[in-house]
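Participant: These are the residues of each chain, in order.
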Amino acid sequence: MTLEQATLPAARHSDLDTVEAEAIFIMREVAAEFERPALLFSGGKDSIVLLRIAEKAFWPAKIPFPVVHVDTGHNFPEVLAFRDRRVAELGAKLIVGSVQEAIDRGELVEERGVRASRNRLQTPVLLNTIAKHEFNAALGGARRDEEKARAKERVFSFRDDFGQWDPRNQRPELWHLFNAMHMKGEHMRVFPLSNWTELDIWSYIEREDLEVPSIYFTHEREVFERDGMLMSVSPYLQMLPQEKTFKERVRYRTVGDMTCTAALRSEASTIHDVIAEVAVARITERGASRADDKFSEAAMEDRKREGYF
Amino acid sequence: MDLLRIATAGSVDDGKSTLIGRLLYDSKQVFEDTMASLQRASEAQGLEEVNLALLTDGLRAEREQGITIDVAYRYFATPKRKFIIADSPGHVQYTRNMVTGASTADLALILVDARNGVVSQTRRHAAICSLLGIRHFALCVNKMDLAGWSQNRLHEIEDAFRAITDHLGVEQVTVIPVAAAPGDNVVDRSTNMPWYEGPTLLQFLETVEVADPARHAALRFPVQYVLRPQRDEYHDYRAYAGTIAAGEVRVGDEVTVLPIGARTRVTGIDRYHESLESADSGTAVAIRIADNIDVSRGHMIVASGHAAPAATRFTADLCWMSDGKPLCARQQFWIKHTTRRVKCMVESLDDRLDVENYERLASPECFPLNEIGRVTIKTLEPVFIDPYAISRDTGSFILIDPATHLTVAGGMVREVLA
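The listed protein sequences derive, respectively, from chains G and P.
Residues are numbered in my numbering as their position in the first sequence, beginning at 1, plus a constant of 1.
Residues are numbered in my numbering as their position in the second sequence, beginning at 1, plus a constant of 853.
No lab work stands behind these hints, which were simulated from the structure alone.
Take the hints with a grain of salt, since some may be wrong.
[To be verified] Below, computed lysine-lysine pairings styled on DSSO-like, alpha-carbon distance capped at 30 Å:
| no. | chain 1 | residue 1 | chain 2 | residue 2 |
| --- | --- | --- | --- | --- |
| 1 | P | 933 | G | 57 |
| 2 | G | 57 | G | 133 |
| 3 | P | 933 | G | 185 |
| 4 | G | 185 | P | 1196 |
[Claimed, not checked] Okay, the calculated bits of chain G under chain P, using three or more residues with CB under 8 Å as the criterion:
| no. | stretch |
| --- | --- |
| 5 | 142-152 |
| 6 | 202-216 |
Glycine included, each C-beta is placed from N, C-alpha and C at the ideal position.
Produce the complete structure using the sequences and hints provided.
Facilitator: Next comes the structure, spelled out in structure tokens:
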């Protein structure tokens, strides 16, 4: 060991401590600066971490804003059960924006055909939920490492009166100084986990011993193959004549709508196994499991402009 | 494992995006599906080889125009460290984006083309990174393959660059000859430059020590949020939530609450279910104090005897970021400093900084977009500030236009006047 190494400061913040403290800071800024914030919760791993950050930021007080879930009506039942249990544990208020109800009321029209998905229908329901409850900030679990359009997203991401994102007109974001100012009708999407990676999320879930929905771990499922991805057999997804179902040991790497989230062959049965798998993965999580991103090179950018989460 | 934040800067064509792409690719951070989509995009552009620059140019307009418009954040980790790269555009019209990218960085990664050497943009980037308080510079002399792998050429460029950093007072400078397109000395050691004995870029990034010896020692704790749980078991609980901006705090410490100036004692430092004995800068905590004092968001708890001045007039270096209108004297704004937002006026524009020749020139009447210069600011209520050179978190601020709510300037405190 050289002299220089010997004199290094011994105790340093770990990278997880650093991103956790940053996320807590952002969460508190939102609670302090906005009259009516809400936390968007999908039941997926990122929003599970987001909810723990909220719990920590305000402890021993309760989370000072409601939890909002946009339910496509095509969600995994395991995830909905998990959502209800977790929200009850925290004593938080849950608000559900329902795509099914919007369709029933005739406000939205269901896509048709074998590739029909309610993915795009989430956007108007989310925007309506935000407008109806007059939320002026919506906290989300998106991370910049997920996707290239998200790599350019601000932590405080401004949305105009129409709920839209304009990538060429973003506010500069310097140091840790977040500009929360907005007019009535405008709102802010806030992403406290911006600087987290997929591996950070799983390492944190392990460190904090957080429960995640069972579909993140290996289980036997009836699936069929489409575009090189394993899709779950479900009443919501129409199969083509040549598509054959079979049983497979799988897990999910992301949790979205059943119509656009694919499963992976995996034997990972613990968080530790999942971390080992993620650490050596050679495909991005969205590439591996999201049919909705494959439409075009800029699919995410286009949906974000419309107000997608 | 710790976290290193890097700001990259480079002129438009010196291969910065390619270098980052190479760094991600050779350290095996690029996934197969990303590579496949890059291949498609490269073919669409009529390129024979995969254009690694496309890894960092994410927006549609950027891909179409082949330029980087905004700051993109990239993440990668090796077993030794986690890295966040703020990749900023190089062109002069995006100076504000570079200021943004540099504001949180520990290390500046500056690129030059070996054929062109140090150019005016290199001088500008170095000046901005230094102005934003980055103390460690790594100069990558890129495209060494196109300069005949010449050691003499490297030395020429290094001498020119060190003249700049000496002038700016940057002490930690490392120069690495690379060729990003073929990958020499980025992750893997070059066989074309046996005369070079220093680290590869990745080796350097993994081991560079950026701990700041001049870090502010006195406690600065901006109060972010008051915690008063409405539950029976915590009936009398009251704590002040925030992140320690500088120094450290211990249970039992004598502290002063600004702006009222009342002295009290720290009785508890809570972090979720943990009760800490002490906490240092960067930690998000909730602090309990002995006395019932009026404390709310925007107030600051500081070490008694080492209080930050409650300033209403100070000078600062400002980067004007509004593409709407220029900054002229007597304009009013909101200033956001730590967790405090108050009204302020830019009383005067005192000079402008020529970021290519490092001269302070007479101020123009107004600052156009991307101008950097010294100003005097007057606030309606006091702000608790330190010089930026001593404390980044309590020496920085933004200005917000009260009409449009846009962030129009980033500033660094230089001197407290009143």
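Participant: Run every hint past the structure and note whether it holds.
Facilitator: Comparing the hints with the structure gives:
no.: 1; hint: 933/P - 57/G; result: holds (28 Å)
no.: 2; hint: 57/G - 133/G; result: holds (28 Å)
no.: 3; hint: 933/P - 185/G; result: violated (47 Å)
no.: 4; hint: 185/G - 1196/P; result: holds (21 Å)
no.: 5; hint: 142-152; result: holds (count 5)
no.: 6; hint: 202-216; result: violated (count 0)
The structure fails hints 3, 6 (numbered hints given earlier, in ascending order).
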